[in-house]
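Asker: Chain A is already provided as a structure; the job is to place chain B on it using the hints.
Chains as they are written, first to last, in our numbering: chain A, 1 to 126; chain B, 1 to 225.
Heads up, a few of these hints could be off.
Calculated lysine-lysine pairs in the DSBU-like style (CA-CA distance at most 35 Å, straight line) [unchecked claim]:
hint, chain 1, residue 1, chain 2, residue 2
1, A, K113, A, K44
2, A, K122, B, K173
3, A, K41, A, K122
4, A, K122, B, K212
5, A, K113, A, K126
6, A, K56, B, K100
7, A, K81, B, K212
8, A, K4, A, K44
9, A, K4, B, K39
10, B, K39, A, K122
11, B, K173, A, K56
12, A, K77, B, K100
13, B, K100, A, K93
14, A, K4, A, K56
15, B, K100, A, K41
16, A, K41, B, K173
17, A, K81, A, K126
18, B, K39, A, K93
19, A, K93, B, K173
20, A, K44, B, K100
21, A, K4, B, K68
22, A, K113, B, K39
23, B, K39, A, K126
24, B, K173, A, K81
25, B, K100, A, K126
26, A, K6, B, K68
27, B, K173, A, K77
28, A, K113, B, K68
29, B, K39, A, K6
30, B, K173, A, K126
31, A, K4, B, K212
32, B, K173, A, K6
33, A, K56, B, K39
34, B, K212, A, K113
35, A, K81, A, K41
Label pairs and their calculated CB-CB ranges [claimed, not checked]:
hint, chain 1, residue 1, chain 2, residue 2, range
36, B, R138, A, S121, 27 to 33 Å
37, B, I63, A, K4, 28 to 34 Å
38, B, P182, A, S121, 15 to 21 Å
39, B, W109, A, E63, 51 to 57 Å
40, A, D43, B, K68, 52 to 58 Å
Read the hints as simulated data drawn from the structure, not as lab findings.
Note that the Cβ used here is the ideal one computed from N, Cα and C, for glycine as well.
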Amino acid sequence: MEAKRKRVIITTAVILILLGYLVYSTVGSSFLYYRTVSEVKADKSLYGERVRVAGKVVEDSFEETGDRYEFNITDGKEEIKVVYAGVLPSSFKEDAEVIAEGVYRPETGIEAKNLLARCPSKYTSK
Amino acid sequence: MRDWIQRILFWFSLIGIIVSIFMVFFYAPIDRNLGIVQKIFYFHLPVAITPYFAFLVVFVCSILFLWKRERRWDVIALASAEIGLVIDTALLVTGTIWDKPTWGVWWVWEPRLTTSLIMWLLYAGYLLLRRSVGEEARRARFAAVYGIVAFISVPISFMSIRWWRTLHPLVFKPTGIELEPPMIFTVFVCLIAFFFFYLCLLRQRIGLEFLKEGIEDLKDSLGGG
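Isolated chain A, as found in the complex (with noise of 0.2 Å):
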């Protein structure tokens, strides 16, 4: 009974302590998951932070250099440069809209290490 007691409280006690480092790191940075191309462009304070953007892939945009790939991200207004050197998401082409994560330079653009898809919020068929 004592052994199982214990087994619970601590148990419990590792929920809670994950439960507030789920918390913490959510109001921390998440509650913002994405800026806009405009946003980020706009806000010097972000030059040279990490930062993560939406925007759609702007057409003809898109370069391969060996396993580097280089696109243009737009949210209508603005355009941002995408350096990314990882794996494409399956459902990435030009026009669908992703989120970059990485380094902004105003130079340089982002020097993505995360690259994810957006699906649209919108199902039709063919």
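Answerer: Leaving out everything else, chain B in the frame of chain A:
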């Protein structure tokens, strides 16, 4: 299964689920962008809504228990929390299966996913709490208070895609449903089928708890305390 309500719930959910599967694969059109993988949606939505409802039942029954102090409210809350958590697990699993082909990752710490995981952990904690308190009256009281407090995670998870920028799509917008009519019809049938499935399990689980109690009473009367 002499209980006719239980029998109706059983057949409704069985037929409903069979019809749903047929509609998902043979009636609903294939999505233009995501292809066949979008069909997870018809399962993902019901297993998202049902736990919300199940935890609402926990919340309401917890209030009723504290107010009336009748054991049956505690039993319904327990049953609904257990079933809600199992279905909620299916939600997280179908979510990650769907994330990988669409977003390119299994998991992201974005608001919808994070708040949903917190909700799952809170209700796992609810069941843990019930196991850790030995005395029945205290257990029911603690669980009721916890069941009320933990409910805060439900509206937060539900509203997360409406309040904050997320990766998760919002299909049911105030301006309209972003689905074609056959897709709406299919997901609606899936939802009803799943709801009956939940009610069927709930009733079964409540019955089980009272059977357990009956056995304990019998034991007591035979052993003379």
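Asker: Compare the structure with the hints numbered earlier in the document and write down the numbers of the violated ones, lowest to highest.
Answerer: 4, 7, 8, 9, 14, 28, 29, 32, 34, 36 and 39
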